[in-house]
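As given, the protein sequences belong to chains A and B, one line each in that order. Going by this note's numbering, 31 is the number at position 31 of the first sequence; the sequence numbering is gapless. In this note's numbering, each residue carries its 1-based index in the second sequence increased by 293.
The hints are simulated quantities; they were obtained by calculation from the structure and are not laboratory data. Each hint should be verified, as a subset may be incorrect.
Said to hold, decoys possible - Okay, the calculated bits of chain A under chain B, using three or more residues with CB under 8 angstroms as the criterion:
(1) 102–111
(2) 189–199
(3) 220–233
(4) 263–271
Please read these numbers as outputs of a predicted model, since none were measured by experiment. In this text, a Cβ means the ideal position worked out from N, Cα and C, and glycines have one as well.
Chain by chain, the residues:
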Amino acid sequence: MHVVPQLLVSTILLGGIYALIAVGLTLIFGVMRVVNFAHGEFLMLGMYLAFWAFALLRLDPYVTLVLSLPLIFGFGWLSYRMVMRPVIHASHNVQVFTTVGLSIALQNVALVLWSADSQFVRTSYYTVVVRLGSAVLNLAQLIAFAVAVLCTAALFAFLRWSYTGKVMRATAQDRAAASLMGIDTGRVFALTWAVGVTCVGVAGVLLAPIYPVYPTVGLQFVLIAYVAVVLGGLGDMAGALIASLIVAAVEVIGSYVIGTAWKEVLYLLLFIGILVVRPAGLFGQRGAEAIGT
Amino acid sequence: MKGTWPAVVFFALAALGPVVVRDPFLLDGLVLILLWGATAAAWNVAGGYAGQISLGHAAFFGLGAYSAALLGTRWEVSPWIGLLVGAILATAFGILLGFLSNRLRGPYFVLATIAFSQVLLIVASRWRGFTAGSEGIPVPFRPGFWTLGITDKRVWVAIVLVLAVFLYLVELYLERSRRGYQLAAVREDEDAALSLGVPALRLKVAAIAASAALTAVAGALWAQYVGFVDPFYVFSIDLSLRFALAAILGGIGTPLGPFLGAALILALETYLRARFGGIGAGLVGIYLIIYGTVLVVMMRFAPQGLVPLIGERLRRRPVAGPAA
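Kindly generate the complete structure, drawing on both the sequences and the hints.
This is how it looks when you write it as structure tokens:
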């Protein structure tokens with residue numbers, strides 16, 4: 001039974017990072033009703049940012065993290081203004097293909113600029129591990145988890161208590177009513193998009209010291225985020241957190257029991273299963289998926 | 294029939310191609326335009342006419358390609374039988390997806406289709422004992438029509454032309470028949486259609502299943518034409534996007550649009566390949582950047598696609614003679 005603590009620790013660490021990716025996705029959906037199919041590409045850009053800062057400027061990824069926050073946020077804001085704003089009131093299909101187009105373009109800009117090769121951020125503490133009882137964990141993973149939890153908590157606090165956060169929640173609940181109350185929903189959407197992008201960009205920087213970077217790296221993580229977000233109920237922030245842990249548990253335990261080769265099948269089947277049985281998610285309102293809003 | 298003359302011209306030109314042109318390069322382009330046009334048209338049956346946007350149609354394409362390739366290499370079965378098996382498998386999965394579409398709308402359905410194609414990709418690339426895994430399957434060349442071992446590209450043009458025309462007719466049927474009107478009603482307002490007694494679920498399931506089966510047929514033919522099946526290509530999201538993009542570019546829910554879109558995409562691809570030839574990965578990237586940008590720009594300015602856009606232009610101009 002000595003593996004149980006290790007599995008548990010691995011699950012929690014992985015779940016924390018998945019949560020930060022999923023939270024951004026579910027925030028954007030909750031407020032804007034847009035599924036961001038380019039979410040994974042913002043993660044990829046975050047990872048490349050950390051990689052280049054490390055390769056060219058010898059900046060530690062955690063220093064990059066702090067320095068690049070305004071950059072990532074600004075890029076998110078810009079991508080909203082240029083790409084999303086014109087279609088924010090268009091149909092679902094138009095929005096789906098707009099974000100898909102953005103995803104293809106970003107992915108291939110990375111491919112052309114930086115080639116398809118996997119790049120690594122080899123920090124000096126790359127191999128440092130921390131022992132916790134009988135469990136062993138990687139230092140970079142531990143830091144990523146801690147920062148991810150911190151960011152997620154900050155986002156929750158922001159949405160719960162700040163005035164802007166309340167405005168965002170009001171817009172999520174009823175955008176017509178919010179707009180009648182004098183809320184500038186256009187600004188709220190821009191802010192939401194930028195905050196969502198920042199969450200996933202930060203996750204990218206945090207993941208850079210742990211995983212290799214390549215132009216399509218976003219896909220594997222964003223698929224997991226989709227699973228977590230749907231499992232938790234699209235637009236449900238707390239649901240996304242718990243679901244991230246569940247998905248991480250499926251992945252960690254699945255890898256241990258049936259091997260890493262088939263673990264993706266496990267969570268994808270879990271995903272299809274949820275969509276069939278309870279598409280509103282574990283905690284979502286029944287029927288939300290059928291309206292498609 | 295009214296309004297079909299551009300299609301008649303298009304397919305007549307395609308049929309004339311092999312008679313006039315001998316250049317294998319141009320004939321290859323023609324085969325690919327018709328084949329990719331057919332896949333986009335098949336996507337359009339579900340995505341355009343039934344309004345069920347799928348980003349996992351590569352799953353059906355791959356099912357067709359793998360059925361033909363596996364049956365051919367393992368049991369020396371004719372690819373025509375493989376094609377049929379692929380179509381039947383795709384129909385079965387299409388029906389499942391169709392029922393799912395009744396519960397999932399909008400982005401939820403899109404996500405489900407992506408997950409579905411990813412599952413098939415993983416199965417195809419990891420189940421080494423049966424599918425040869427990530428190495429893919431070289432399709433053996435056995436000369437003859439029954440085994441689809443054909444080197445003459447003119448014959449290939451004829452084969453894919455039959456498929457393309459058949460798909461065009463299917464689309465025309467959906468545009469002009471009573472069933473087609475009913476399907477459009479379901480797409481626009483399912484509850485209203487239901488209240489008028491339209492069998493919404495049956496129509497949607499039938500449209501998605503037909504779309505899946507026809508995509509599989511194209512996949513099986515493609516595998517024989519190209520001679521190699523790579524799981525990371527035939528089940529990829531990129532391929533699903535290619536089907537959707539051709540249909541959207543040409544005009545979603547128009548019969549000729551997917552063919553026009555496929556022709557434009559292939560022309561762009563070929564031009565860039567000639568222009569930046571030899572760069573390899575960089576080349577792929579450049580045309581995909583253009584893909585993505587075009588998609589974003591189209592969605593903003595002309596989400597209905599090129600065919601309706603051109604149609605509008607033509608109609609605004611005073612036309613001499615019978616109205617087109």
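Tell me, in ascending order, the numbers of any earlier hints that this structure violates. 2
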